[in-house]
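Q: Listed below, chain by chain, are the residues.
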Amino acid sequence: MAKQDAKSYQETRQELDDLMVWFESDDVDLDQALEKYEQGMELIQQLQKQLVQAENKVTKLKQKFSE
Amino acid sequence: MNDLVFSPSDFVAITNQVLETAFPFVAIEGELSDFRVSKGKWVYFNLKDDAASVKFFGSVYILPGPLEDGMRLKVVARPQLHPLYGFSLTVQSIALSGEGTIKKAFDLLYSKLQGEGLFEPERKRTLPYPPSRIGLITSGESAAYADFIKIMNERWGGVEIVLANTQVQGEPAVGQIVRAIEWFNIQADLPEVLVITRGGGSLDDLAVFNTEQITRAIAASRIPTLVAIGHEVDVSLAELAADQRASTPSNAAQLLVPDKKHELFNLAEQKKILTIVTEEYISSLKQHLADVQAELNDSVTGTLTELQRNLQEQKRLLALLNPRDALRRGYAVVRADQKLVRSVKNLKKGQKIAVEFVDGVARAEIEQVQ
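Protein sequences, first through last, are from chains B and P. If you're matching positions, the first sequence starts at 1 in this note's numbering and goes up one per residue. If you're matching positions, the second sequence starts at 1 in this note's numbering and goes up one per residue.
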């Protein structure tokens, strides 16, 4: 998404999907579960912000393609 | 009557001058005959009607696709008198004319390119979804361009769109679109997808997208392609060669990027799911702890019961061996000098012994040992 963001929307989205998968694992760790929850909420907020704020950028080439 | 006498060379030169002044270019429409390609480089053919036939000559690069005798063509050419081979027309451009010919040419080119595998489903690449950088080839002044950008902006953000402004109809469009495709393909920073689009038009207008040049350029693109030509009835060869096709410029934008309204809804759902999943995780942890505790209890109780059972058994065995029970049944124990006497061999006449009964001890003296 927006240029200033280090990660693209898709990368952040993937991170969220991976995080959701962790909850299906057999790991038994309450601290980690709470940490994942916090991280997930933060990622969602970040994604929502990106969606609302990002704009497309159109560049018109000066180049002419006539011979 | 006429005093003017030319040498053959002069005559050729002056005729060409006159021709060039009168017809720098001439457009002739007629039926194709005697079409042939020489050395894969040059084409020779005639255009004829009922009464006349004219010769043409040109390079294979100006061919719109495979041609066949009987097709109707509109050819723009330069008339010329060749010093050795006589009169001919040098071809500048060839346009197919009439629905029958256009259809025939389409079929011929379709078979040829299909034979080469240009339309094979295995060649189709998946477009990145959503792409971060798009190369857009269309007319910057067209409604198609405006529609595409409008829908893109409505649906998604953060996409960089680079526009190559080209004509999208008429003969110059072919070269321009091919050059634009090639230009994008040699950039260091390649766009993730190439979108080639225009709005609907007549069959003639769309002819550009049925040319061999554009179809091949699309098939050869390293960058995945999405072609959207806004017409419903026929599919163009350009679309068949593309990795993906869309029905209209707006439809192209819809296929390229998700709708942020849906995505925002999905994220809100995801938020709920994350909360539920975390709660479930914690309650499953609690359950797990309870299970472990119960298991531990069970196992401790089990061990204790087993130990108790063993103890009872030992006790019972021990009771059987208690000598007091034997005394109670009427047996007696003989001791001499505090020691248990197990055999008469250990006794002799006159020896003092103690006889232990269950209720007391009697003292005696041995009279005889047998």
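Rather than coming from a laboratory, the hints here were simulated on the basis of the structure. Keep in mind that a hint or two might mislead.
Partner residues are not named here, just some residues of chain B that face chain P (Cβ under 7 Å, in silico) [to be verified]:
(1) Trp-22
(2) Asp-26
(3) Leu-30
(4) Gln-32
(5) Leu-43
(6) Ala-54
(7) Thr-59
(8) Lys-62
For each residue, glycine too, the CB sits at the ideal point set by N, CA and C.
Q: Decide, hint by hint, whether the structure agrees.
A: Here is how each hint holds up against the structure:
1. Trp-22: 9 Å, violated
2. Asp-26: 10 Å, violated
3. Leu-30: Given a least distance of 6 Å, the restraint on Leu-30 (chain B) holds.
4. Gln-32: Result: violated, 10 Å to nearest chain P Cβ.
5. Leu-43: Violated - the Cβ of Leu-43 (chain B) stays beyond 7 Å from chain P, reaching only about 9 Å at its closest.
6. Ala-54: 3 Å, holds
7. Thr-59: 5 Å, holds
8. Lys-62: 9 Å, violated
Hint check: violations occur at hints 1, 2, 4, 5, 8; the rest are consistent with the structure.
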